[in-house]
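Colleague: Sequence:
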Amino acid sequence: MEFVTGRSWADYEADVQLRSAVERQFTIVGEALNSLRRVDEELAERVPDLARIVAFGNVLILGYAAIDDRLVWEVATERAPAILDALEELPGGSE
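Just so you know, we're using my numbering here: the sequence shown kicks off at 1 and counts up by one.
One should not assume that every hint holds.
As the list claims (entries may be wrong) - Derived DEER-like restraints, expressed as beta-carbon distance ranges: (1) Arg-38 x Glu-88: 20 to 26 angstroms; (2) Thr-5 x Asp-49: 17 to 23 angstroms; (3) Glu-13 x Glu-41: 37 to 43 angstroms; (4) Ala-66 x Arg-37: 20 to 26 angstroms.
Since the hints were derived computationally from the structure, they do not count as laboratory data. Glycine residues also receive a C-beta, built at the ideal position from the N, C-alpha and C atoms.
Please work from the sequences and hints to get the whole structure.
Modeller: As structure tokens, then:
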């Protein structure tokens, strides 16, 4: 979220480094949650929309030609705050 705070859609659209950085962070989150699912299934079940988050990360990893920049922007600016809040509620989430 810190990458997009204070930025506009026009900033995001025009800045390939910003887009790449945001996409990279989403792939890291997706991979981390996928690992959590394998290590602690019970905790993973407490993550809202875990399967969708992991799938989104996979699309970014595998679908470079088909990445929808508008969707990534929407997730980063509108959906990520709620996801972050939910993750911080988990044990160890605020560390």
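Colleague: Is the gap between the beta carbons of Arg-38 and Glu-88 within 20 to 26 angstroms?
Modeller: 22 angstroms, holds
Colleague: Would you say the C-beta atoms of Ala-66 and Arg-37 sit inside 20 to 26 angstroms of each other?
Modeller: 25 angstroms, holds
Colleague: With respect to the beta-carbon atoms only, verify the hint that Thr-5 and Asp-49 lie 17 to 23 angstroms apart.
Modeller: 22 angstroms Cβ-Cβ, so the 17 to 23 angstroms window holds.
Colleague: Kindly confirm whether 37 to 43 angstroms is satisfied by the beta carbon distance between Glu-13 and Glu-41.
Modeller: 39 angstroms, holds
Hint compliance for this structure: every hint is met.
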